[in-house]
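> Residues per chain are reported as follows:
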Amino acid sequence: MNIFVCVKQVPDTETKITPTSDGSYIETSSIKWIMNPYDEFAVEQALLMKAAKPEAIVTVVRVGSTKDAEALRTAMAMGADEAILIDGPDHLDSYMTAKAIKGAIEKSGKTADLILTGKQAIDSDSLQVPQLLAQMLNMPSVSVVVGFENNGGTLTLKREVEGGALEIYEVKAPALVACNKGLNTPRYASLPGIMKAKKKPLTTYSLADVGVSDDDKRLKYSAFKLPPEKPPGKKFDAMDEANQAKVVSDVVNLLRTEAKVI
Amino acid sequence: MLHFSYSSEQNEIRELSLKFAKNEMMPKASEYDESGEFPMPILKKAWELGLVNTCIPAEYGGTGFSAQDAVIITEALAYGCLGMNTAIMANDLALLPIVIAGSDEQKKRFLTPFTEDYKIAAFCLTEPGFGSDAASLQTLAKDNGDHFLLSGEKMWITNAGFADLFVVYATVDPKLKHKGIIALVVEKEMAGIEIGKPEKKMGHRCSDTRAVTFRNVKVPKENLIAGPGEGWKAAMKTLDHSRPLVASSAVGGAQCALDHSIAYAKQRVQFGVPISQHQGVQFLISEMAMKVEAARLLTAKAAWLLDNHQPNTQVASYAKAFAADAFMQTSTDAVQVFGGYGYSTEYPVEKLMRDAKLIQIYEGTSQIQRLVIAKEIFSRSL
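Protein chains in written order, with the numbering used here: chain A, 1 to 262; chain B, 1 to 382.
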């Protein structure tokens, strides 16, 4: 049984993001990279399945620049068996990313019985790669999954919908499952795990190796900019009783004309 | 070759340790500080991840970390909670004499079980009457054929109430001073060990500290780690290893005080601006940042010397004294940055200030470190 887990390396949420001076991307030199938090749920789910079926092989796949391979190494330190790195820019568009992962899975010579991903990456927040990849591989896909049960290749998946309700799907593997917070509690990579991970195989492919070229580009980034700074909140002093009626009418007026919430 | 970067593996070790400190230790630190309860579930979890007993060599089932790796881990864990870290670090302190002076058979017998299950060890050197003057210790080990009869009292013993084994320094004859000192492994099942009540402490409150009394405990000779003349050397070598660890715990605590201060200074507004814009506060924070970095570099050097098999006694004392004093100053200033809020237990910095004080005391006071340094300086000059 082959389980593929897609992981993305994203800037730590505590990192201060600065666009490059030409606006072509963000400054990456000072960024601390972490594994996309939603992908941790995907890795954990794969490892839980491996615990139930020890013969399963868990391969983690990442598209990105090679300078840091932390996310892949962390996944292997947690217990994944192998890793594939597709050397490419960190902000490849969703279509190219999905196509690259598809190419890498095919090139690995393994048939994917299950693909696990995070429901979204917290940096670009495109929420497209899982669905695109499943489409390209002609597999069913379910996203925002918070419940996972495997019964001999039939997966019972719970997914969250608006208002906290759950949809329950029954899907036949091979399938793609995009995981959400709440599905499991990702384990820590242990120190012995970190040492063992160094000896696990990490294969690197170029974009050309996995059949991706500039012709596949679907999205052109025109500029990276910080959002405009929020204006400071308005304060009203309603402590003075004589003034209260006026303050209330001012606030109501602003809520209507400026904030447009009433 | 001089460089200031961690290897990629060390970065991963640091990340894991910090993640554990922030997610598992920090959220519970205040609760355990208040109750004084021994944080067993957290310690067990730390052991499962390989964060405990970093001194055990790979051939005995340990992780085989370098001194540099160990200080990286300790700094991170101390960032999470000094008290919990003391409980973790005390295992290394107790096991180090076995690593340093034990025979192959003893290492297998005593160290390997620590890699198979979470077990706790206690280092017993200090006595009620002899702390800094440890060479005058009175606990007697009487040679009685195939065993020693151990009697005496030990004080301020970390982990004592939960220890599976005790590494005890005793003397075969108090008149011999340091030449009469031996090191023995006492196992908790042995008859005649009396464990005192937990001491009520100012800081490190969740670590377990007690007196331990030995009343004619029969300790078989195969538990002798270092005999007369060797025991004192083993104790001193242990300190060469453990002082960088203690120094790194001070660095972790000081970094934590600094980080809290920076975050608070950015959000606390006085006179219409965040206090981070007031020079008085900026000076405090810059001073903290300098001290933290200097302490970290000294600690790294003390560990580097060990890893490169060079004498490190003097630099280990620099690191231990400097880092402990820096932590005390940094945590005191952190309370200052927080003002009235800093003095309240609702905020985390007063605990750091209480915790810092102990680092200036245990494993050789800041004053003893200066004596060690002076002794090294003058014994090496003509």
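No lab work stands behind these hints, which were simulated from the structure alone. Note that the structure is a prediction, hence the values are computed from the model and not measured. Misleading hints may appear alongside valid ones.
[As the list claims (entries may be wrong)] Derived pair list, reagent style BS3-like, types lysine-lysine, alpha-carbon separation capped at 30 Å:
#1 B:Lys-266 x B:Lys-19
#2 B:Lys-44 x A:Lys-199
#3 A:Lys-16 x B:Lys-44
#4 A:Lys-230 x A:Lys-220
#5 B:Lys-142 x A:Lys-181
#6 A:Lys-198 x B:Lys-142
#7 A:Lys-200 x B:Lys-19
#8 A:Lys-200 x B:Lys-142
#9 A:Lys-32 x A:Lys-53
#10 B:Lys-266 x A:Lys-198
#11 A:Lys-32 x B:Lys-301
#12 B:Lys-266 x A:Lys-200
#13 B:Lys-108 x B:Lys-142
#14 A:Lys-225 x A:Lys-16
[To be verified] Over the 10 Å line for every Cβ pair with chain B, so calculated as not near, a few chain A residues:
#15 Glu-162
#16 Ile-194
#17 Asp-240
[Unchecked claim] Computed list of chain A residues with no C-beta within reach of chain B, every gap over 10 Å:
#18 Ser-21
#19 Asp-22
#20 Thr-28
#21 Asp-123
#22 Leu-132
#23 Gly-152
#24 Lys-158
#25 Tyr-169
#26 Glu-170
#27 Met-195
#28 Lys-198
#29 Gly-233
#30 Leu-255
Using N, Cα and C, we set each Cβ at its ideal position, and we do this for glycine too.
> Kindly indicate which numbered hints from before are broken by the structure, ordering the numbers from low to high.
3, 5, 6, 8, 9, 10, 12, 16, 27 and 28
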